[in-house]
Amino acid sequence: MWLRNNALAASAALAAVLLASAIALIAFYVPVDADQGLSQKIFYFHVPIALTAYACFGWGAWKALRHLWKRQEGADLESYVAIHLGVIFGAMTLLTGSIWARASWGVWWAWSSKQLVLFLVLFLFYCAYFMLRFSVEPGPRRANLSAVYALFGVVLIPISFLAIRLAEDFIHPTVFTSNGPQMSGSMFFTFCVSWAAMLATFGALYRLELAGKRIDARMRELRELLA
Amino acid sequence: MTSGEKYVAAAYLVVFLTLLVYVVIIASKLQRLEAALTDLVERVRARG
Numbered sequence: 005m006w007l008r009n010n011a012l013a014a015s016a017a018l019a020a021v022l023l024a025s026a027i028a029l030i031a032f033y034v035p036v037d038a039d040q041g042l043s044q045k046i047f048y049f050h051v052p053i054a055l056t057a058y059a060c061f062g063w064g065a066w067k068a069l070r071h072l073w074k075r076q077e078g079a080d081l082e083s084y085v086a087i088h089l090g091v092i093f094g095a096m097t098l099l100t101g102s103i104w105a106r107a108s109w110g111v112w113w114a115w116s117s118k119q120l121v122l123f124l125v126l127f128l129f130y131c132a133y134f135m136l137r138f139s140v141e142p143g144p145r146r147a148n149l150s151a152v153y154a155l156f157g158v159v160l161i162p163i164s165f166l167a168i169r170l171a172e173d174f175i176h177p178t179v180f181t182s183n184g185p186q187m188s189g190s191m192f193f194t195f196c197v198s199w200a201a202m203l204a205t206f207g208a209l210y211r212l213e214l215a216g217k218r219i220d221a222r223m224r225e226l227r228e229l230l231a
Numbered sequence: 060m061t062s063g064e065k066y067v068a069a070a071y072l073v074v075f076l077t078l079l080v081y082v083v084i085i086a087s088k089l090q091r092l093e094a095a096l097t098d099l100v101e102r103v104r105a106r107g
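Residue numbers (my numbering), protein chains in the order written: chain A, 5 to 231; chain B, 60 to 107.
Watch out, some of these pointers could steer you wrong.
[Unchecked claim] Computed footprint of chain B on chain A; a stretch qualifies when at least three of its residues, placed anywhere within it, have a C-beta under 8 Å from a C-beta of chain B:
| hint | stretch |
| --- | --- |
| 1 | 35-44 |
| 2 | 47-55 |
| 3 | 84-96 |
| 4 | 104-112 |
| 5 | 204-214 |
| 6 | 220-229 |
[To be verified] Listed below are several chain A residues computed to face chain B (Cβ distance under 10 Å; list not exhaustive):
| hint | residue |
| --- | --- |
| 7 | Ile27 |
| 8 | Ile30 |
| 9 | Leu99 |
| 10 | Thr100 |
| 11 | Gly101 |
| 12 | Lys217 |
Simulated from the structure, these hints should not be mistaken for lab results.
Treat the numbers as computed from the prediction; the structure is a model and nothing was measured.
Glycine included, C-beta positions come from ideal geometry on N, C-alpha and C.
Only chain A is shown next, with the shape it has when bound in the complex (with noise of 0.2 Å):
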């Protein structure tokens, strides 16, 4: 019941317990990488905010599909902001691989690796997405529209996780093999933890930005109701 009533607050201490312990255990725990050297670290969150902007625009295509199919309360609502944060951590992604990038290939970019220009391609397709819903009216016609769309982008996640099996892209590294993570465990557990507190962070977002949301759609229909 307390957990219920506080879920923000909840979801928010679990996230900073979570990010804290991800820092903690990059910096003093996981052994310096004897290929790349320091700047493999980098992978310990770029990785996992690439992988949660994926549940971002899953979350937010679930969501999609929930109101056009049962036309659930709010659910047009809910798929909005876990598309805007996907949005978000996909820009980390974007920044923080660039920057692993310049330190390990010399540059800030190349074009010739497929899973960074599909990734750059799922990015834009849901920046995309704003344009679309904040060019129609607020109503269920918008609301159908951006639905559509979220459910269309779902569909270049697995192409653009999958792009570096599939094109035997040999610049961006594979560390997740199907024989399993290609690394110590140790390392493993490292980013297990750093993943766990980027989904928790996601979670903390989403609950904070929606609470927002719905006030505002409150308040909205209180000063209709008052007019």
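Please build the complex by placing chain B on the supplied structure of chain A, with the hints as guidance.
Below, chain B without anything else, positioned relative to chain A:
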């Protein structure tokens, strides 16, 4: 500071700053909502 350390620090700073900017934007929106709510309460009071 080695170049590796600089790149790691830059990457983590990008994440921290992005999240900070996001929280600041949300906080400013909540402040605006609070002001709007105060205005609504005053309007209801004025109606009696």
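### Task
May I ask which of the numbered hints given earlier this structure violates, with the numbers listed in increasing order?
none
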